[in-house]
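The primary structure of each chain is shown beneath.
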Amino acid sequence: MERPLTKNIRPDREPPSLKEYERAEGYQSVRKALKSLSPQEVTELVKKSNLRGRGGAGFPTGSKWSFVPMGADAPGPKYLIANADEMEPGTFKDRLLMEGDPHQLIEGMIVSAFAIEAEVAYIFLRSEYKLSEKRLRKALAEAYGGGYLGRNILGSGYNLEMHLHVSAGRYMCGEETGLLNALEGKRATPRSKPPYPQVSGLWGKPTIVNNVETLCNAPHIVNHGAEWFIGLSHTDEGGTKIYGASGKVKRPGAWELPMGTTIREILEEHAGGMRDGLKFRGVIPGGASTDFLIEEHLDVKMDFDSVQKAGSRLGTGTMIILDDQTCPVGMVHNLEQFFARESCGWCTPCREGLPWMTRILQAIEEGQGEPGDLEKLERHAGFLGPGSTFCALAPGAMEPLQSALKYFREDFEWHIRENRCPWRL
Amino acid sequence: MLTEEERLEIEVDLHQYAQKRAVCIDALKIIQRRRGWVSDESIRDLAEFLEMTPDELDSVATFYNLIFRRPVGRRVILVCDSVSCWIMGYDRIREHLTACLGIELGETSPDGEFTMLPIACLGACDHAPTLMINDELYQDLEPQGLNRILESYGETPHQKHSA
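Protein chains in written order, with our numbering: chain H, 40 to 464; chain Y, 166 to 328.
Keep in mind the hints are simulated off the structure, nothing from the lab. Think of the CB as a built atom: it goes at the ideal place given N, C-alpha and C, for glycine as much as any other residue. Mixed in with the good hints, there may be bad ones.
[Claimed, not checked] Label-pair ranges, simulated between beta-carbon atoms:
id: 1; chain 1: H; residue 1: Glu41; chain 2: Y; residue 2: Gly267; range: 47 to 55 Å
id: 2; chain 1: Y; residue 1: Glu269; chain 2: H; residue 2: Arg303; range: 40 to 48 Å
id: 3; chain 1: H; residue 1: Gly424; chain 2: Y; residue 2: Glu269; range: 30 to 38 Å
id: 4; chain 1: H; residue 1: Lys318; chain 2: Y; residue 2: Gln184; range: 54 to 62 Å
id: 5; chain 1: Y; residue 1: Leu173; chain 2: H; residue 2: Arg70; range: 33 to 41 Å
id: 6; chain 1: Y; residue 1: His180; chain 2: H; residue 2: Gln67; range: 27 to 35 Å
id: 7; chain 1: H; residue 1: Tyr183; chain 2: Y; residue 2: Arg239; range: 53 to 61 Å
id: 8; chain 1: H; residue 1: Arg459; chain 2: Y; residue 2: Pro275; range: 35 to 43 Å
id: 9; chain 1: Y; residue 1: Arg239; chain 2: H; residue 2: Pro50; range: 26 to 34 Å
id: 10; chain 1: H; residue 1: Met40; chain 2: Y; residue 2: Lys185; range: 47 to 55 Å
id: 11; chain 1: H; residue 1: Gly316; chain 2: Y; residue 2: Ala183; range: 52 to 60 Å
id: 12; chain 1: H; residue 1: Lys46; chain 2: Y; residue 2: Arg235; range: 43 to 51 Å
id: 13; chain 1: Y; residue 1: Gly267; chain 2: H; residue 2: Arg463; range: 18 to 26 Å
id: 14; chain 1: H; residue 1: Arg380; chain 2: Y; residue 2: Arg239; range: 22 to 30 Å
[Claimed, not checked] Derived pair list, reagent style EDC-like, types lysine to aspartate or glutamate, alpha-carbon separation capped at 20 Å:
id: 15; chain 1: H; residue 1: Lys225; chain 2: Y; residue 2: Asp256
id: 16; chain 1: H; residue 1: Lys318; chain 2: H; residue 2: Asp363
id: 17; chain 1: H; residue 1: Lys173; chain 2: Y; residue 2: Asp223
id: 18; chain 1: H; residue 1: Lys225; chain 2: Y; residue 2: Asp205
id: 19; chain 1: Y; residue 1: Lys194; chain 2: Y; residue 2: Glu221
id: 20; chain 1: H; residue 1: Lys287; chain 2: Y; residue 2: Asp256
id: 21; chain 1: H; residue 1: Lys173; chain 2: Y; residue 2: Glu221
id: 22; chain 1: H; residue 1: Lys225; chain 2: Y; residue 2: Asp223
id: 23; chain 1: H; residue 1: Lys169; chain 2: Y; residue 2: Asp300
id: 24; chain 1: H; residue 1: Lys445; chain 2: H; residue 2: Glu414
id: 25; chain 1: H; residue 1: Lys173; chain 2: Y; residue 2: Glu174
id: 26; chain 1: H; residue 1: Lys169; chain 2: Y; residue 2: Glu301
id: 27; chain 1: H; residue 1: Lys173; chain 2: Y; residue 2: Asp300
id: 28; chain 1: H; residue 1: Lys289; chain 2: Y; residue 2: Asp305
id: 29; chain 1: Y; residue 1: Lys185; chain 2: H; residue 2: Glu223
Kindly produce the complete structure, drawing on both the sequences and the hints.
Below, the structure is given as structure tokens:
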């Protein structure tokens with residue numbers, strides 16, 4: 040089985056230097072694209088590959104790029120940004136890619152920037168990823184030294200400056216337009232869309248923001264073609280996916296597997312199944328803002344369409360496992376506490392609604408719940424749902440809550456009826 | 166007033182951006198690293214240099230949780246309280262820290278050594294529970310190991326308060 044994204048990654052070892060990376064066919068896609076392909080041809084290739092955004096939303100990457108105005112009359116400079124603000128609870132895949140093979144991200148960004156004729160690129164990195172920062176800084180210096188960045192790259196006439204921006208916290212920075220505001224030195228509140236960043240983004244110029252894992256796929260698509268990329272997958276959504284599992288499984292970790300690998304295979308074969316004495320109760324398939332799935336969904340394929348059909352979202356593809364000795368009410372309370380704290384305060388339903396719902400959940404968990412609380416939570420999940428808020432934070436926060444109320448309703452009712460949490464001493 | 170060194174360090178980052186004010190987050194971090202935290206005076210110094218009003222700059226400074234607008238200890242402990250760490254024993258870790266250091270989340274120890282703060286998912290969920298002390302990530306935590314970590318920072322982890 041091919042693992043293009045992680046083939047150079049050796050746990051507990053330094054990542055490949057520029058020399059080592061070049062020996063492993065590194066930067067070949069830059070040579071190929073800059074010398075023999077037009078920007079439009081690169082975008083076309085990525086479109087045909089069916090690559091979808093790995094940051095959680097799953098938007099087709101090639102289509103996103105194709106909205107960028109092109110040619111001599113296009114406003115400029117245009118920008119490409121790697122969203123490396125990985126902060127979705129339960130998600131630890133981009134860190135693996137940046138620590139393990141930083142040149143791969145840089146190569147992916149050069150090829151992607153070329154496709155949209157961007158002159159400036161940023162890596163927007165969260166502050167806590169210190170090792171990623173160190174390794175990316177070294178790789179960037181090497182890439183400049185090797186002539187892959189800067190003016191007239193490899194004699195092609197194409198210019199690209201690439202900068203590393205290290206952020207200062209807040210989950211909201213991972214939201215596309217919040218990220219743009221943060222890069223401009225403002226509070227990371229979301230922007231109204233339209234206009235979309237592809238047309239008017241950073242400093243009002245056309246901008247593409249892509250997730251780290253998404254960008255890391257670009258070199259391989261350029262090198263080996265769209266058909267090869269689709270062939271890596273179990274479904275028609277192209278490529279591999281870095282899946283992960285955390286919680287009380289035997290071997291928590293992250294693995295690059297064909298897109299569309301089932302939840303069961305990831306859980307049982309790669310994560311080693313549940314720890315002894317514990318039973319599987321549920322899974323949040325793709326980071327904190329996705330709906331719970333339960334045992335009947337174990338054979339669902341982990342691709343965007345299949346998980347959506349099952350009532351959740353693939354999200355980041357890193358699963359959080361709920362076992363039978365962990366309180367689902369406590370878990371949902373923890374999740375909502377996170378979202379309430381991380382709300383940027385820009386729009387009222389999110390700023391006021393999330394803390395209020397979190398207090399209800401805390402009361403239930405502490406044995407102070409009242410009849411009618413669950414109906415209240417359900418009603419407000421609608422008020423904070425899609426279409427009622429400025430960005431996707433609050434609707435995302437409602438996904439684990441509403442699915443928990445559906446699948447673990449008895450647990451919630453028990454807490455209210457008995458005035459205590461059965462898992463607490 | 167910004168010192169010469171502070172100004173030079175900020176100017177190095179300036180070329181990355183199309184507008185001067187965009188460097189303000191980097192600049193706040195530079196000030197914080199050199200002065201320990203960002204005081205009202207620091208906000209005024211920096212705002213003047215960046216051609217922003219102090220209130221504009223403060224609205225940015227107060228948004229980002231890793232910009233400290235109050236004094237913090239010499240070492241800042243960022244305890245991950247997100248879902249995977251919560252499942253794997255975050256409560257136990259936080260309680261142990263409180264017992265050893267005599268501080269709750271948001272507090273600084275009386276000797277000015279440690280400040281303990283909550284932090285969003287540190288992206289090491291396969292090694293939960295986790296925390297960071299200054300720039301160092303610690304994973305797969307349990308109370309025993311935590312004692313060794315605190316000792317490496319010169320702390321004798323006797324129980325100052327009962328948990």
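**Report entry** Which numbered hints fail
**Finding:** 7, 15, 17, 21
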